[in-house]
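> Once you've looked at the hints, dock chain B against the given chain A.
Those sequence lines, one after another, are chains A and B. Sequential numbering from 11 applies to the first sequence in this note's numbering. Sequential numbering from 11 applies to the second sequence in this note's numbering.
Any given hint might turn out to be false.
Result set (BS3-like, lysine-lysine): computed pairs, CA atoms no more than 30 Å apart in a straight line [what the hints assert, rightly or not]:
no.: 1; chain 1: A; residue 1: K378; chain 2: B; residue 2: K378
no.: 2; chain 1: A; residue 1: K382; chain 2: B; residue 2: K279
no.: 3; chain 1: A; residue 1: K378; chain 2: A; residue 2: K401
no.: 4; chain 1: A; residue 1: K279; chain 2: A; residue 2: K382
no.: 5; chain 1: A; residue 1: K397; chain 2: B; residue 2: K382
no.: 6; chain 1: B; residue 1: K397; chain 2: B; residue 2: K279
no.: 7; chain 1: A; residue 1: K200; chain 2: A; residue 2: K401
no.: 8; chain 1: B; residue 1: K401; chain 2: A; residue 2: K382
no.: 9; chain 1: B; residue 1: K196; chain 2: A; residue 2: K378
no.: 10; chain 1: A; residue 1: K378; chain 2: B; residue 2: K382
no.: 11; chain 1: A; residue 1: K397; chain 2: B; residue 2: K378
no.: 12; chain 1: B; residue 1: K382; chain 2: B; residue 2: K200
no.: 13; chain 1: A; residue 1: K382; chain 2: B; residue 2: K378
no.: 14; chain 1: A; residue 1: K401; chain 2: B; residue 2: K382
no.: 15; chain 1: A; residue 1: K378; chain 2: A; residue 2: K196
no.: 16; chain 1: B; residue 1: K382; chain 2: B; residue 2: K196
no.: 17; chain 1: A; residue 1: K382; chain 2: B; residue 2: K200
no.: 18; chain 1: B; residue 1: K71; chain 2: B; residue 2: K196
Keep in mind the hints are simulated off the structure, nothing from the lab. All values derive from a computational prediction rather than experimental measurement.
There are 2 protein chains.
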Amino acid sequence: MHLPLVINVVARILLVASMAMFWPLLWALLEDPGSRETRAFVFSILISIAVGSCGLLILRKFWPIRSRDYDAIGAKDGLSIVGLSWISVSFVGALPFFLSGAIPSYTDAFFETVSGFTTTGATVLTGIRAFPPGILFWRSLTHWMGGMGIIVLTVALLPAIGRGAYRLYSAEAPGPSAERLQPTVKETAKTLWSVYFLLSLIETLFLILGGMTLFEALCHTFGTMATGGFSTRDASLAAFGPNIQWVVIIFMFLAGCSFILHFRALRGKPLVYFRSEEFRIYLGLMVVLVPVFSGILWLTGAGGGWEGIRHACFQIISILTTTGFTTTDFDLWPPFLKISLIVLMFIGGCAGSTGGGMKVVRVYVALKSGFKSIIRSILPNVVMPLKVDSKPVPEAYVVNAGAYFILYIFLFLLGTVVMTITDGADLVTAFSASVACLSNIGPGLGDVGASRNYAWISPEGKWFLSFLMLAGRLELYAILILFVPAAWRR
Amino acid sequence: MHLPLVINVVARILLVASMAMFWPLLWALLEDPGSRETRAFVFSILISIAVGSCGLLILRKFWPIRSRDYDAIGAKDGLSIVGLSWISVSFVGALPFFLSGAIPSYTDAFFETVSGFTTTGATVLTGIRAFPPGILFWRSLTHWMGGMGIIVLTVALLPAIGRGAYRLYSAEAPGPSAERLQPTVKETAKTLWSVYFLLSLIETLFLILGGMTLFEALCHTFGTMATGGFSTRDASLAAFGPNIQWVVIIFMFLAGCSFILHFRALRGKPLVYFRSEEFRIYLGLMVVLVPVFSGILWLTGAGGGWEGIRHACFQIISILTTTGFTTTDFDLWPPFLKISLIVLMFIGGCAGSTGGGMKVVRVYVALKSGFKSIIRSILPNVVMPLKVDSKPVPEAYVVNAGAYFILYIFLFLLGTVVMTITDGADLVTAFSASVACLSNIGPGLGDVGASRNYAWISPEGKWFLSFLMLAGRLELYAILILFVPAAWRR
Numbered sequence: 011m012h013l014p015l016v017i018n019v020v021a022r023i024l025l026v027a028s029m030a031m032f033w034p035l036l037w038a039l040l041e042d043p044g045s046r047e048t049r050a051f052v053f054s055i056l057i058s059i060a061v062g063s064c065g066l067l068i069l070r071k072f073w074p075i076r077s078r079d080y081d082a083i084g085a086k087d088g089l090s091i092v093g094l095s096w097i098s099v100s101f102v103g104a105l106p107f108f109l110s111g112a113i114p115s116y117t118d119a120f121f122e123t124v125s126g127f128t129t130t131g132a133t134v135l136t137g138i139r140a141f142p143p144g145i146l147f148w149r150s151l152t153h154w155m156g157g158m159g160i161i162v163l164t165v166a167l168l169p170a171i172g173r174g175a176y177r178l179y180s181a182e183a184p185g186p187s188a189e190r191l192q193p194t195v196k197e198t199a200k201t202l203w204s205v206y207f208l209l210s211l212i213e214t215l216f217l218i219l220g221g222m223t224l225f226e227a228l229c230h231t232f233g234t235m236a237t238g239g240f241s242t243r244d245a246s247l248a249a250f251g252p253n254i255q256w257v258v259i260i261f262m263f264l265a266g267c268s269f270i271l272h273f274r275a276l277r278g279k280p281l282v283y284f285r286s287e288e289f290r291i292y293l294g295l296m297v298v299l300v301p302v303f304s305g306i307l308w309l310t311g312a313g314g315g316w317e318g319i320r321h322a323c324f325q326i327i328s329i330l331t332t333t334g335f336t337t338t339d340f341d342l343w344p345p346f347l348k349i350s351l352i353v354l355m356f357i358g359g360c361a362g363s364t365g366g367g368m369k370v371v372r373v374y375v376a377l378k379s380g381f382k383s384i385i386r387s388i389l390p391n392v393v394m395p396l397k398v399d400s401k402p403v404p405e406a407y408v409v410n411a412g413a414y415f416i417l418y419i420f421l422f423l424l425g426t427v428v429m430t431i432t433d434g435a436d437l438v439t440a441f442s443a444s445v446a447c448l449s450n451i452g453p454g455l456g457d458v459g460a461s462r463n464y465a466w467i468s469p470e471g472k473w474f475l476s477f478l479m480l481a482g483r484l485e486l487y488a489i490l491i492l493f494v495p496a497a498w499r500r
Numbered sequence: 011m012h013l014p015l016v017i018n019v020v021a022r023i024l025l026v027a028s029m030a031m032f033w034p035l036l037w038a039l040l041e042d043p044g045s046r047e048t049r050a051f052v053f054s055i056l057i058s059i060a061v062g063s064c065g066l067l068i069l070r071k072f073w074p075i076r077s078r079d080y081d082a083i084g085a086k087d088g089l090s091i092v093g094l095s096w097i098s099v100s101f102v103g104a105l106p107f108f109l110s111g112a113i114p115s116y117t118d119a120f121f122e123t124v125s126g127f128t129t130t131g132a133t134v135l136t137g138i139r140a141f142p143p144g145i146l147f148w149r150s151l152t153h154w155m156g157g158m159g160i161i162v163l164t165v166a167l168l169p170a171i172g173r174g175a176y177r178l179y180s181a182e183a184p185g186p187s188a189e190r191l192q193p194t195v196k197e198t199a200k201t202l203w204s205v206y207f208l209l210s211l212i213e214t215l216f217l218i219l220g221g222m223t224l225f226e227a228l229c230h231t232f233g234t235m236a237t238g239g240f241s242t243r244d245a246s247l248a249a250f251g252p253n254i255q256w257v258v259i260i261f262m263f264l265a266g267c268s269f270i271l272h273f274r275a276l277r278g279k280p281l282v283y284f285r286s287e288e289f290r291i292y293l294g295l296m297v298v299l300v301p302v303f304s305g306i307l308w309l310t311g312a313g314g315g316w317e318g319i320r321h322a323c324f325q326i327i328s329i330l331t332t333t334g335f336t337t338t339d340f341d342l343w344p345p346f347l348k349i350s351l352i353v354l355m356f357i358g359g360c361a362g363s364t365g366g367g368m369k370v371v372r373v374y375v376a377l378k379s380g381f382k383s384i385i386r387s388i389l390p391n392v393v394m395p396l397k398v399d400s401k402p403v404p405e406a407y408v409v410n411a412g413a414y415f416i417l418y419i420f421l422f423l424l425g426t427v428v429m430t431i432t433d434g435a436d437l438v439t440a441f442s443a444s445v446a447c448l449s450n451i452g453p454g455l456g457d458v459g460a461s462r463n464y465a466w467i468s469p470e471g472k473w474f475l476s477f478l479m480l481a482g483r484l485e486l487y488a489i490l491i492l493f494v495p496a497a498w499r500r
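One chain only, chain A, in its complex shape:
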């Protein structure tokens, strides 16, 4: 990689992202200007400005960057910038939690921040209502920033960094291919953030109408639209009534759809959703699973009637979109429902959504290529291009989806093994913690189930899970290449 260039862009992204800490600072000031919390935010902002500007100044002195250098950002630089930006933003973002004393251990604070930015929602906190509002607001805001993307935000706000911006955008955008909605990446980034902002605004209004305070409405909107999962209550959404839960169900569903489709639909083409095969599968999963889940909950006496349907609906959407909000402890559900939820954890949301997981379209392409190999075994000489949306998919795309699937399973197994080593976790806890972090969901089963949290995990375990969360959010490559020596060479 072109190290000075990478450091330059990372420093700019760090500066932009840390400005977001002014919002929780505002809440802290409203609450109590003299509190330790207020000071923590002020210090954190100062530290990040100092680190970012010093980096830029030193760089300017020794390796001046010309504006045309930005055009030369290659695949390697793009991925490295994204990976390193997310890591540095997480290190700085953890400061308010640590400095305010809300989370006394820096490892825990880092874990919570990574969990926030990656929209995982795995938490180490209990007794959440006792925490100061600025801290809770920051915790939820990290979700919202990470959901649509720190880089996408920076690209939208920063003075032009030229053609290199597309590299950054596509390295962070969820899904196998990054579509440009507008002629320039800057415009695309702005458009996506506008759609995201608009939907968030609507959800906030609905939640306030449903009875939440402005503070709670904002925090839960951040958690929903980013498919994050941090709540301001220990009981998560179980602390609120059915109306609120239905609102969250609808907006989780929307957050799991491609924002490119939302944009087109808002432009007056609402049928655009149904022309997407990925959306039809995503919707189909809900349509099939909700009755099955409700039926089984009713038959096994775990919950009947409207309440059962609501819990089924909520948990299926929450897990499939990788949000991780809970209305009930699904660890108590029958094994069939639990294993189905685990399978959904691997699938995740649609490409171009804020959801995690492997993405519906990738799983679809990978499975389709698997099934196609059955046909190929009996008809070896027939050429059958794999189609999505009735269009043939390039061979390289299919190979990449397969490679992604294999790497994902490998990281999942690695995570499971590591959890048994670092924490002696039982198998269900180990594998559900691994997939819940890799797919950015949050709650798993067993000791990391809906009624438990991640506080008990050892520091080594937390660092490893943080790595899994980052790898999962950035679709593996932006993080994994940092371990490849070739990536560090120029």
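Just chain B now, kept in the frame of chain A:
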């Protein structure tokens, strides 16, 4: 498929395979000529002769097959013949268990037979020593036949079925590519069975020297060389002393190697093993894991000294080669060791061995293509052929290994979900039963662990697991194509 041709070949295979029942009949006659067991074998042989010959006669009358038709066996026919032969041989092979009253339920008898032929070793029997010797001999003999392959055996014995034989051979041979050792497939099949026979003979002698009776030595040899796992004792190999266990360790290891390498080594080139990258990985896994396992068993007090090393060695080799013999209840081992064994279950033996699983080389190629995609993400324009044994692997081979990996994981997840539906199994039991059957291992964890068995599983569950065992043994395609309508068309 060319149905008359397929039925013709399947009927021949059935006739050849059912002749093997003469051996257990011999044991039954030696024991007690008038027993129900003896009659069961006589009836079973008669039934299979009747079914096979009637099939052939009716066929000859209506759709005469000319000898050159055999040359026209295509990929579709070859796979169908292999799939249907294994299914029919299993249906017939279950008769002695059922007719003798040893296993009163036909579902159970079928499960046990499929488990035998596929070299899985999952059993529904307890109090094994009380069963008549003919039954136990047949149970173990199914392992031995299935290990090197029913079709390979038939090809070696049957009057020439021409060039079509290669289709059958390659459809049954374990591993992604079927190598021919001799100019003709018939010779290759004979050679492989000779090597297999020779190694089996040597093991039998060693086991007798170690103190087993001829009967026990034969049964355990069948279980070892086929990487099966049926024992004549409830306690499996724990019922025997360390010497016997070391003999079994060595021969399990050999059974998990490619028999093509054994043949070359026996021809006076013992270094041929180390020129195979797959063998080096297979050996490397043992070399790394045995000290780690022994160390952990010693540290956690689960077993120290030579005993711990022996248990570690035995269980690692038994699981990696997918044999499934046990010397200790590894369900009581620490979680790290249990999850490591589960990972080994997916890997399995080498291509061209009698072991199950995905095969070392396939997992290696799949993972390598996954890791290669990391490099490709930073160097999109560099062509890097994937190499095995220092030779570039064709792109189609890599794509197939990926597709195989995806299908395997899919079937594994499907099996896990089905087990929770049919039997309400807990998650650990469900996923370990699924992989233990798909990879042809036998014992899993939880309720199908080393100290338990499969008797408690519902009939639906047993039929589904039988399907998984067959799919796993025949490397998916020969079974899966039977569900594809296009395969049944001519």
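> Which numbered hints turn out to be false for this structure?
Hints 2, 4, 9, 12, 15, 16, 17 are the ones this structure does not satisfy, whereas the remaining hints hold.
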